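These protein sequences, in sequence, are chains A and B.
With my numbering applied, the first sequence covers 495 to 805.
With my numbering applied, the second sequence covers 18 to 822.
It cannot be assumed that every hint is accurate.
[To be verified] Covered by chain B, according to a simulated footprint, are these stretches of chain A (three or more residues, beta-carbon under 8 Å):
no., segment
1, 719–730
2, 768–777
[Claimed, not checked] Straight line, CA to CA, 25 Å or less: simulated SDA-like cross-link-like pairs of lysine to any residue:
no., chain 1, residue 1, chain 2, residue 2
3, B, Lys641, A, Gln679
4, B, Lys561, A, Ala713
5, B, Lys24, A, Ala713
6, B, Lys178, A, Ala713
7, B, Lys178, A, Asn635
8, B, Lys24, A, Thr797
9, B, Lys561, A, Gly801
10, B, Lys178, A, Asp714
11, B, Lys24, A, Gly801
12, B, Lys641, A, Ala670
13, B, Lys641, A, Leu804
14, A, Lys550, B, Leu286
15, B, Lys24, A, Asp714
16, A, Lys550, B, Lys178
17, B, Lys178, A, Leu623
18, B, Lys178, A, Ser622
19, B, Lys178, A, Glu757
20, B, Lys24, A, Trp668
21, B, Lys822, B, Ala756
22, B, Lys561, A, Ala773
23, B, Lys178, A, Arg756
24, A, Lys744, B, Ser367
25, A, Lys550, B, Lys561
26, A, Lys550, B, Ala756
27, A, Lys744, B, Ala756
28, B, Lys178, A, Ala624
29, B, Lys561, A, Ile802
30, B, Lys178, A, Trp668
31, B, Lys178, A, Gln669
32, A, Lys550, B, Ser367
33, B, Lys561, A, Leu623
34, A, Lys550, B, Leu67
35, B, Lys641, B, Phe677
36, B, Lys561, A, Ser622
Hints were generated in silico from the structure; no laboratory data involved.
Note that the structure is a prediction, hence the values are computed from the model and not measured.
For each residue, glycine too, the CB sits at the ideal point set by N, CA and C.
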Amino acid sequence: MKTSRLILIAILVAAGLAALKSVVANRGRSVVAYCAQDQTYAGPIFREFQRQTGIKVRAVYDSEAVKTVGLANRLLAERRHPQCDVFWGNEELRTRQLAAAGVFRETNGWGAFGYRSRRIVINTNRLSLAAAPRSLLELTNEAWRGKVALAYPQFGTTATYFHALRQAWGDARWQAWCRALAANQPLLFDGNSVVVRMVGRGEAPVGLTDSDDIAVGQADGLPVASLPMTEEALLIPNTVGVTRGAPHPKAAQRLFDYLQSREVVQRLVSVNALEGLAADEVATPTLRVNWDALLRELDRTTTELSGIFLR
Amino acid sequence: MNWLLLKNSLLVGVLTTLLAASFGFLAALWLAGLGSRWRTRLLAVAVIALALPPFVVTNCWLHFLGFAGVWRGWLPLNIVSLGGTIWILSLLTWPITLLFVLGAWQRLEPAQLESDMAVSGWWLIRGLLWPLGRTALAQAAVLTFVLALNNFAVPAILQVKVFPAEIWVRFNTTFDTAGALGLSWPLVAAPLLLLLWFARRDFPWPRTEGPLPAGLFRQQLGPGWFWFCGAGTIVLCLLAVGLPVYQLVSVSRTWAELPGALAAGQTALWNSFSLAAVSAGVVITLGLAAEVRSLPPRGNSPGSAGHPLGSFNSFLRWLAWLPFLLPGVLLGIALILLFNRPWCMLLYQSAAIVVLAFACRYLAFGWNSAAHALQTVDRDLVDVARLEGATRWQMLRYVQWPQIAPQAAAAWYVVFLLCLWDVESIILVVPPGGETLALRVFNLLHYGHNAQVNALCLMLLVLAVAPLAVWKAWRVARGAEFRTPHSAVRTASAFTLLLASAVALILSGCTPRAPSDQTPLSSQFFARVQIIGSRGVGVGQFNKPRSVAVDAQDNLYVVDMTGRVQKFSSNGVFELSWQMPETELGKAKGMGRDRDGNVLVLEPHYQRVNVFSPQGRLVAQWGKHGTNAGEFSWPRAVAVNSRREVLVSEYGLVERVQRFDARGEKLLAVLGQSGNGPGEFNRPEGLCVDAQDRLYVADSCNHRIQVFASDGQFLRAYGRPGQRQGDLSYPYDLCVDAAGRQYVCEFGNSRIQVFDPNGGCLEIIGGPGAAPGQFNNPWGVALDSAGNLYVADSQNHRVQKLFRK
Numbered sequence: 495m496k497t498s499r500l501i502l503i504a505i506l507v508a509a510g511l512a513a514l515k516s517v518v519a520n521r522g523r524s525v526v527a528y529c530a531q532d533q534t535y536a537g538p539i540f541r542e543f544q545r546q547t548g549i550k551v552r553a554v555y556d557s558e559a560v561k562t563v564g565l566a567n568r569l570l571a572e573r574r575h576p577q578c579d580v581f582w583g584n585e586e587l588r589t590r591q592l593a594a595a596g597v598f599r600e601t602n603g604w605g606a607f608g609y610r611s612r613r614i615v616i617n618t619n620r621l622s623l624a625a626a627p628r629s630l631l632e633l634t635n636e637a638w639r640g641k642v643a644l645a646y647p648q649f650g651t652t653a654t655y656f657h658a659l660r661q662a663w664g665d666a667r668w669q670a671w672c673r674a675l676a677a678n679q680p681l682l683f684d685g686n687s688v689v690v691r692m693v694g695r696g697e698a699p700v701g702l703t704d705s706d707d708i709a710v711g712q713a714d715g716l717p718v719a720s721l722p723m724t725e726e727a728l729l730i731p732n733t734v735g736v737t738r739g740a741p742h743p744k745a746a747q748r749l750f751d752y753l754q755s756r757e758v759v760q761r762l763v764s765v766n767a768l769e770g771l772a773a774d775e776v777a778t779p780t781l782r783v784n785w786d787a788l789l790r791e792l793d794r795t796t797t798e799l800s801g802i803f804l805r
Numbered sequence: 018m019n020w021l022l023l024k025n026s027l028l029v030g031v032l033t034t035l036l037a038a039s040f041g042f043l044a045a046l047w048l049a050g051l052g053s054r055w056r057t058r059l060l061a062v063a064v065i066a067l068a069l070p071p072f073v074v075t076n077c078w079l080h081f082l083g084f085a086g087v088w089r090g091w092l093p094l095n096i097v098s099l100g101g102t103i104w105i106l107s108l109l110t111w112p113i114t115l116l117f118v119l120g121a122w123q124r125l126e127p128a129q130l131e132s133d134m135a136v137s138g139w140w141l142i143r144g145l146l147w148p149l150g151r152t153a154l155a156q157a158a159v160l161t162f163v164l165a166l167n168n169f170a171v172p173a174i175l176q177v178k179v180f181p182a183e184i185w186v187r188f189n190t191t192f193d194t195a196g197a198l199g200l201s202w203p204l205v206a207a208p209l210l211l212l213l214w215f216a217r218r219d220f221p222w223p224r225t226e227g228p229l230p231a232g233l234f235r236q237q238l239g240p241g242w243f244w245f246c247g248a249g250t251i252v253l254c255l256l257a258v259g260l261p262v263y264q265l266v267s268v269s270r271t272w273a274e275l276p277g278a279l280a281a282g283q284t285a286l287w288n289s290f291s292l293a294a295v296s297a298g299v300v301i302t303l304g305l306a307a308e309v310r311s312l313p314p315r316g317n318s319p320g321s322a323g324h325p326l327g328s329f330n331s332f333l334r335w336l337a338w339l340p341f342l343l344p345g346v347l348l349g350i351a352l353i354l355l356f357n358r359p360w361c362m363l364l365y366q367s368a369a370i371v372v373l374a375f376a377c378r379y380l381a382f383g384w385n386s387a388a389h390a391l392q393t394v395d396r397d398l399v400d401v402a403r404l405e406g407a408t409r410w411q412m413l414r415y416v417q418w419p420q421i422a423p424q425a426a427a428a429w430y431v432v433f434l435l436c437l438w439d440v441e442s443i444i445l446v447v448p449p450g451g452e453t454l455a456l457r458v459f460n461l462l463h464y465g466h467n468a469q470v471n472a473l474c475l476m477l478l479v480l481a482v483a484p485l486a487v488w489k490a491w492r493v494a495r496g497a498e499f500r501t502p503h504s505a506v507r508t509a510s511a512f513t514l515l516l517a518s519a520v521a522l523i524l525s526g527c528t529p530r531a532p533s534d535q536t537p538l539s540s541q542f543f544a545r546v547q548i549i550g551s552r553g554v555g556v557g558q559f560n561k562p563r564s565v566a567v568d569a570q571d572n573l574y575v576v577d578m579t580g581r582v583q584k585f586s587s588n589g590v591f592e593l594s595w596q597m598p599e600t601e602l603g604k605a606k607g608m609g610r611d612r613d614g615n616v617l618v619l620e621p622h623y624q625r626v627n628v629f630s631p632q633g634r635l636v637a638q639w640g641k642h643g644t645n646a647g648e649f650s651w652p653r654a655v656a657v658n659s660r661r662e663v664l665v666s667e668y669g670l671v672e673r674v675q676r677f678d679a680r681g682e683k684l685l686a687v688l689g690q691s692g693n694g695p696g697e698f699n700r701p702e703g704l705c706v707d708a709q710d711r712l713y714v715a716d717s718c719n720h721r722i723q724v725f726a727s728d729g730q731f732l733r734a735y736g737r738p739g740q741r742q743g744d745l746s747y748p749y750d751l752c753v754d755a756a757g758r759q760y761v762c763e764f765g766n767s768r769i770q771v772f773d774p775n776g777g778c779l780e781i782i783g784g785p786g787a788a789p790g791q792f793n794n795p796w797g798v799a800l801d802s803a804g805n806l807y808v809a810d811s812q813n814h815r816v817q818k819l820f821r822k
């Protein structure tokens, strides 16, 4: 019996030591990346970077644990002693907020590449293209009462979209639209991928979501399709930034350049993580955002959105 | 402060607590009357209910009772509601009450029941069980209330707006951590007050055996109550565990994704297990150490202080609940502020920070369980040991630990489960390479990779029960359960068989699961039949499949009324699918394969031919609406000959077959017209070209097959309307094997008829029905290189594969 207990203790100690082993790798040949892009796509890109440069990428991925973007908060909390070298974001608002907070280096702090877009998604079994709504205004029609799915407008790219719409339409029109949309009893979910899933399941025939989430839903066999891009669409690029005081600045620069390379962007387009290589290649005029003004109005708009949709 | 949201949260919290407490109490009544073996098993089921991830349970119930739920037709309940939220949260949390109340009733002595045998049934519950268990019930209610109050994910999916949403807006959108903390006060204050109210009570932990024989309890409770509670508990287990687990394991793609998820997540798998195990060990050790340290050299046993403020240790123990009640991400922020400093890098950059986060969050469980466990130690033994001069360590090692080990192990297991699923506490501090399965699950969930998520959830469930299996194996090895060598062998054999079955089950699921239902077939050409797919709109499911095609690698392609093309491997495993460009006017029907390996798909409503690569990329699209030669009017079938020429049949305004060059740019010939004479057609629904470039046309409404030479010259026709051998009823498609045999798919007779090269009937396969080998309006057929036959069994919403002998 003593032997079995000793064995048990030894197993526990070994497990403990293994669990506690330091993950500080060879500092000279590694770079730490905080990545908000889909791990399924980002992982192979990091491995290819390591293969090409010999620099190991130690990545921390985001999780929609409770709501999006724990990494942004982490970057802010760690900014006095940054652990991260490179931040790979999948939308622009969060990156600009971090830049405004001084998280990135002063010059050439961050860049944008590729794009995906906000789209209306439909369930093709329940709705034909001819009958689908063609504009955001139509979503406030009584015909769509209780039939429109979207993520909470206070979070993620949906929030960015609503902020951009306010800037494009002006306060009065935007508020009227938001209130009309809220009054039309939309189904609010806690993520864009959930919106696609619910539309695909038939819980709602129409949804507002991101193009890459629609692509994932289609790859999974859901009967969904996106409506064509219109002037109400918002293009959402991926972003990459080097943190101020990055522990591995040279390796960070190499990863920063690599992620913005055509090779990487094409790869992301080929797996539908992005729609296109560059926003300026889009023929359809889409929403143009004055980001400085948007950031100034961020708190006020967020408060109004909470007041309209969190009632 | 949004008072409406707070009201919703409180409503959800209170009603969930009431319902979960009722369920748990009911289950406790039944389990208390069960023998040790069955009680252990049902406790394991309860643990699984606790360990199931909320989104798995929610998605399961949405599948059944959502807006498009499969049960909505006969059970008009809408799960997307406040009631649905309360229902699901109750299904997740009822085991808490069960464990607490069952633990409290373990202190029942036989004398209490035997003193008055007339106290039974309702009077037993009211007079004895309720007073004994109400404190435990209240404590379980507090815990359930806290968990329900803080839950955001389940209400969000079910359209119930709750208070945590406002906290996350502050934290996440405007990065206002202080504001988020400030807003959190109701979520912290309410449970803390309740804890303060019950602080002087102890926390009972369940044991599989107490001094009261189960038979006596059962007898006093009465058969009516016992079986009523039993029926209720069984239904509860089925709803809380059976349905979600079935949903998880019944999706074939879950198993298909499992090997890949396992390979990709090995590090995460190890991190999950080791971090949870180590953290649970640290929590229990710290709790024991704190209580042992507080042992007075002589006098009272630990925890005997009355009011919490009268004992500093008790106060700290009560305060330890704070990190558990706060949102986990706020704990993460605090750890960053404290430990993200140059002199702490060894800690901060390692997995130790994760262990620290877990330890802070769950210390209260370990500490309180240690305190309770030490209170149950035999006082006489403690006193004797003190008199002998035992040190604190010796007291723990030789006197207390042998008595409290089971309770400590149970507490360790609860903390282990909590750590296994925790994401909030560690998302801000996990070091690179320290990703756990739970973090990976939520990352994949965010991006919609549901099949991989399901596979990872299975892995997590296995991890959750792994300690139980290890504990069981250790007990068997120790011989703790043996009374006789024979029982030892029996126990070991049963356990080995159970473990082997579990491993076999998991391993069998780990291989890409081929379609089920391989059934022998009575046929001179085919040995057995296999069912591919089922009715539905999900991956690998069909809604009236009408056409099938096979490529050069024997991959199967299927189009159905969902407007998708689905691709399966040669053993029937789903590979990918893609949506047709347009489906507004109608769905695709008619498939073929060209000499380059591309898949041709017709769109009758769009009058065109689509050419897809095997990966689903549209490489060409041609065709124009019209009745003139070279135009299309309701194209129905397509075939390609050895010269790469494309043949397309049409019906409706025109009845003909047209022959084009490979790209559809040049019309080469037009064949046939409307009629029932030789070379005339009445709905040519299917086409096939044999090895000699002879064209076979399924002339469906003429109930015959017509055969043409490669230059279009009419050769022969066979078939007549009817059901006898050699008769045909609406032949919708056919294919020809290397020997010239024709396999004709009869929509009207719901069968496959096999003809020799001269048109003589060789065999009839199947008939109307839903069993394997039977058909319901089959619409299309295709042969692979091995001579296996695929049948689009449209009204059975499946594809059947007939394996060549």
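Hint check results:
no., hint, result
1, 719–730, "violated (count 1)"
2, 768–777, "violated (count 0)"
3, Lys641(B) / Gln679(A), "violated, 43 Å"
4, Lys561(B) / Ala713(A), "holds, 20 Å"
5, Lys24(B) / Ala713(A), "violated, 41 Å"
6, Lys178(B) / Ala713(A), "violated, 31 Å"
7, Lys178(B) / Asn635(A), "holds, 23 Å"
8, Lys24(B) / Thr797(A), "holds, 19 Å"
9, Lys561(B) / Gly801(A), "violated, 46 Å"
10, Lys178(B) / Asp714(A), "violated, 29 Å"
11, Lys24(B) / Gly801(A), "holds, 16 Å"
12, Lys641(B) / Ala670(A), "violated, 45 Å"
13, Lys641(B) / Leu804(A), "violated, 51 Å"
14, Lys550(A) / Leu286(B), "holds, 21 Å"
15, Lys24(B) / Asp714(A), "violated, 39 Å"
16, Lys550(A) / Lys178(B), "violated, 43 Å"
17, Lys178(B) / Leu623(A), "violated, 32 Å"
18, Lys178(B) / Ser622(A), "violated, 31 Å"
19, Lys178(B) / Glu757(A), "violated, 43 Å"
20, Lys24(B) / Trp668(A), "violated, 29 Å"
21, Lys822(B) / Ala756(B), "holds, 15 Å"
22, Lys561(B) / Ala773(A), "violated, 41 Å"
23, Lys178(B) / Arg756(A), "violated, 43 Å"
24, Lys744(A) / Ser367(B), "holds, 23 Å"
25, Lys550(A) / Lys561(B), "violated, 50 Å"
26, Lys550(A) / Ala756(B), "violated, 59 Å"
27, Lys744(A) / Ala756(B), "violated, 68 Å"
28, Lys178(B) / Ala624(A), "violated, 34 Å"
29, Lys561(B) / Ile802(A), "violated, 43 Å"
30, Lys178(B) / Trp668(A), "holds, 23 Å"
31, Lys178(B) / Gln669(A), "holds, 21 Å"
32, Lys550(A) / Ser367(B), "holds, 17 Å"
33, Lys561(B) / Leu623(A), "holds, 21 Å"
34, Lys550(A) / Leu67(B), "violated, 39 Å"
35, Lys641(B) / Phe677(B), "holds, 13 Å"
36, Lys561(B) / Ser622(A), "holds, 18 Å"
In summary, the numbered hints that this structure violates are 1, 2, 3, 5, 6, 9, 10, 12, 13, 15, 16, 17, 18, 19, 20, 22, 23, 25, 26, 27, 28, 29, 34.
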